[in-house]
Amino acid sequence: MTRHTRLVMSMIYWAFVLYIFVPLILMVTMGFKDSKFIGFPIRSWTLDWYVEVFKDAEVLSAFGYSMLIGVSSTLISLAVGIWIAVLLNGRGFIGKGLIYGLTLLPALIPGIISAISFRIYAQLWGIPPGTGAIIWCHAVHNVPFVVLIVAARLSTLPKSHLDAARDLGADPIIAFMRVTLPYLRPALIGGGIFCMLISFDDFVRSFFLGGYQPTLPVLIFAKLRSGMSPEINAIATVVLVLTGLLGIWAERTTRRMKQGKLQS
Amino acid sequence: MSGKVQTSAATLAGERGAGNRQGGRDGRSFWGAIAASRLYQAFSNALLSSPRRQFAILLAFPVLWVLTQHLGPMLQMFYVSFVDAYPVSRGYENEFTLDNYTRFFGSSIFIMPFFRTLAFAATLTLATLVLTYPVAYFLARHVKRSNQMVFLLLLLIPFWVGEIVRTYAIMILLGNNGAVNLALKWLGLIDRPIPFMYTGFSLSVGIIYLSALYMLLPLYSALEKLPRSYTEAAADLGAGPWTRFWKVTLPLSLEGISSGATLVFLISTGYYATPVLLGGPSTTVFAETIAGFFHTAGDEWPTGAAFACLMFVTALAISLAFGRLMTRLQKGVRK
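For the protein sequence lines, the chains are X and C, in the order given. Numbering that gives the first Met the number 0 puts the first residue of the first sequence at 0, with every later residue one more than the last. Numbering that gives the first Met the number 0 puts the first residue of the second sequence at 0, with every later residue one more than the last.
Do not rely on the hints blindly, as some may be mistaken.
Unchecked claim - With a cut-off of at most 30 Å between alpha-carbon atoms, the simulated DSS-like pairs for lysine-lysine come out as follows:
id, chain 1, residue 1, chain 2, residue 2
1, C, Lys330, C, Lys246
2, C, Lys184, C, Lys246
3, C, Lys224, X, Lys95
4, C, Lys143, C, Lys246
5, X, Lys95, X, Lys158
6, X, Lys158, C, Lys246
7, X, Lys35, X, Lys222
8, X, Lys54, X, Lys35
9, X, Lys54, X, Lys222
10, X, Lys95, C, Lys246
11, C, Lys224, C, Lys246
12, X, Lys35, C, Lys184
In case anyone wonders, no lab produced these hints; they're calculated from the structure.
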């Protein structure tokens, strides 16, 4: 490649980075504006909106509620996802391809359709809209991501490790607990954080399966519908910083794991 | 690797080596004690008596889970789309009906958003592809391998911020007092703000913003796998940059294009909050139509279910047809 095309390419890349970041930077900036009115230019600055956010009981409880849902659904997704990944990584059997396809299905269903199909399904099982329904739906939705990440890690587990465990007298359960599970650690950390973030950020499923208590995205949505305010910017900025940092950490863990730099 | 083997062997023997994080404090490790307990042995003997039984246990739960949890909701939605009432009130028997489907074809209120959604999704998928291909190419071919992760992470940060927050960011960018209008005014290009918001334009910007990375990642991994020697060989044989791109790089990245496009297409048919917040009356998408049936009393659910089935089946059929076309093209390439 010539130097010329390389330059053009790098300019396109940085333009794309700008496209990704400028809206977010503007949003963050607006959270420091000393006026109720959203819009440029910003003449004076303040931190009051952040003080407001940390005093707003509604926001704090929505945050806690989202965390609760995120953690619970992640634990379920991890347990189920590990089990499915171990099965899919093992010996072949009739229908393995089908099970694999069905495992990935929730990741491919468009958001609104996934949400309302679960709303109907919850009705079938008599699960009322609310905490349980949201946790359950988030858990199912996140299983495919856990399976993909865990299966990637499992495929690099040397068979000799398990053989060694068996030779030393461990049965499959003990061998799994003491060899496989510790080896999966980076995948579980990375996959777990991904699930947490997906659940924490999810709007459409929480919106259709929720009861009276809103999750944080549902609360932001409701606030947005009644009008933009710098307080929303402050909430969004806190969410942005938290999820961004966690996301980077999880992404680094899984990518390094795939590159084989982590030895559990 | 050899260090790892030693560690696990030591752990298994119940010694507390330097690398042993899980071993118990007492002489025998926690798991060793469990394995030796009579209760566990009875349990283990009952469950794991033969390889066949072990496999059956391993198999049973995942099969049950994917059938009831992954497939179940879709099947139930499909069933509900053919009944006249759901959820049913006590003492009422459901009746089979096709009305929920015929209702769709009866009114342009339903048909318009349906085709608008498909057209939007297809256009935006193409736009996203054109936008992200050079970015993925730059990352995979021009950035040093050791730096690639940093460059990629930079793009992935906003990916983990939810739909609502990113949609809000676009609202601030494009509003009448937004950054774009301010910049245009400052440059003296306009006197009055351009109403970007609540149009197809703002919605497109928002959806591309949300789904660009679903395209970028498959493209990047396809291009990353492509050996540099291929394009070098083409160059040695006298092919110019454009020929190399059209005859070598593009055909060999079809796999990435195919999976990226399928993902973006399917995902962008399912956005609900973004069209509500960024779109207007002229951009109503089918997700809003479907959602409308679930805001009201339960007797509208079957229609909503039928519409959701129509949307999903159509979107899936289009993606499958597209995927098949791509595979055929790829086979053509290999010949």
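Legend entry - Violating hint indices (sorted, rising): 2, 6, 10
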